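Just so you know, the sequences run in chain order A and B. Heads up: the first sequence begins at 31 in our numbering, then just goes up one per residue. Heads up: the second sequence begins at 95 in our numbering, then just goes up one per residue.
Hints are computed from structural coordinates only; laboratory data are not their basis. Watch out, some of these pointers could steer you wrong.
[Claimed, not checked] Residues from chain A shown here face chain B by an in silico Cβ test under 8 Å; the list is partial: (1) SER68; (2) PRO100; (3) GLY128; (4) PRO137.
Every value quoted in this text rests on a predicted model; they were computed, and no experiment measured them. Glycine residues also receive a C-beta, built at the ideal position from the N, C-alpha and C atoms.
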Amino acid sequence: GAGVSQTPSNKVTEKGKYVELRCDPISGHTALYWYRQSLGQGPEFLIYFQGTGAADDSGLPNDRFFAVRPEGSVSTLKIQRTERGDSAVYLCASSISGNSYEQYFGPGTRLTVT
Amino acid sequence: DAKTTQPPSMDCAEGRAANLPCNHSTISGNEYVYWYRQIHSQGPQYIIHGLKNNETNEMASLIITEDRKSSTLILPHATLRDTAVYYCIALDLGAGSYQLTFGKGTKLSVIP
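Bound conformation, chain A alone (with noise of 0.2 Å):
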């Protein structure tokens, strides 16, 4: 079946501007979760979703950053004056369950910012 998908693959924004990146989970999957991955390092975690809710928004960095979930599935990331630091890989995931650690990655969405 189709698996975690992610939009757009690569999005260039100019330092200070708006953005959102989309994630649709594996259908059925209640779980969600935001990572963000720089270049040389791991994923961290930024955010996860059971449901609708927010479980655990503890690695968001800053409030600049903002996740919705609004109908259990699809989730936007939304990242308001972005910053040059903000350039990174951000990775979503799924799962069947929210206690589980088997989660499903999406192929992630680069954001260069400028």
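Dock chain B against chain A, hints included.
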């Protein structure tokens, strides 16, 4: 979650077994050992996990020492497509937040 230590890189000849070590000397009784890998330009991929018994699936085998302070991921017949960064992570299933904490992993290069 317990800290894990992995060698930064390893080479393996194509067709041979790749044995990737991981040290987790401070692992607690509730923590499982999980392995993921990340092929270049792709998202991480779950491989296998275990608590104290050895585990095998279609991708790999996981051998955990009796004292649980270390483990080895075995790819029995490595192919070029197994070239990737392999992450060993110790995770507590009772922690309540199922975030994965990745270290730097081991970059495995399978050589033709």
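Verify the interface restraint on A:PRO100: the C-beta must sit less than 8 Å from at least one C-beta of chain B.
Constraint on A:PRO100 not satisfied, violated at 21 Å.
Can the hint on A:PRO137 be confirmed by a CB-to-CB distance to chain B that is less than 8 Å?
holds, 6 Å
Taking the least C-beta to C-beta distance, is A:GLY128 closer than 8 Å to chain B?
holds, 7 Å
Minimum beta-carbon distance criterion (8 Å), A:SER68 to chain B:
With a closest approach of 12 Å, the A:SER68 hint is violated.
Hint violations for this structure: numbers 1 and 2, all remaining hints satisfied.
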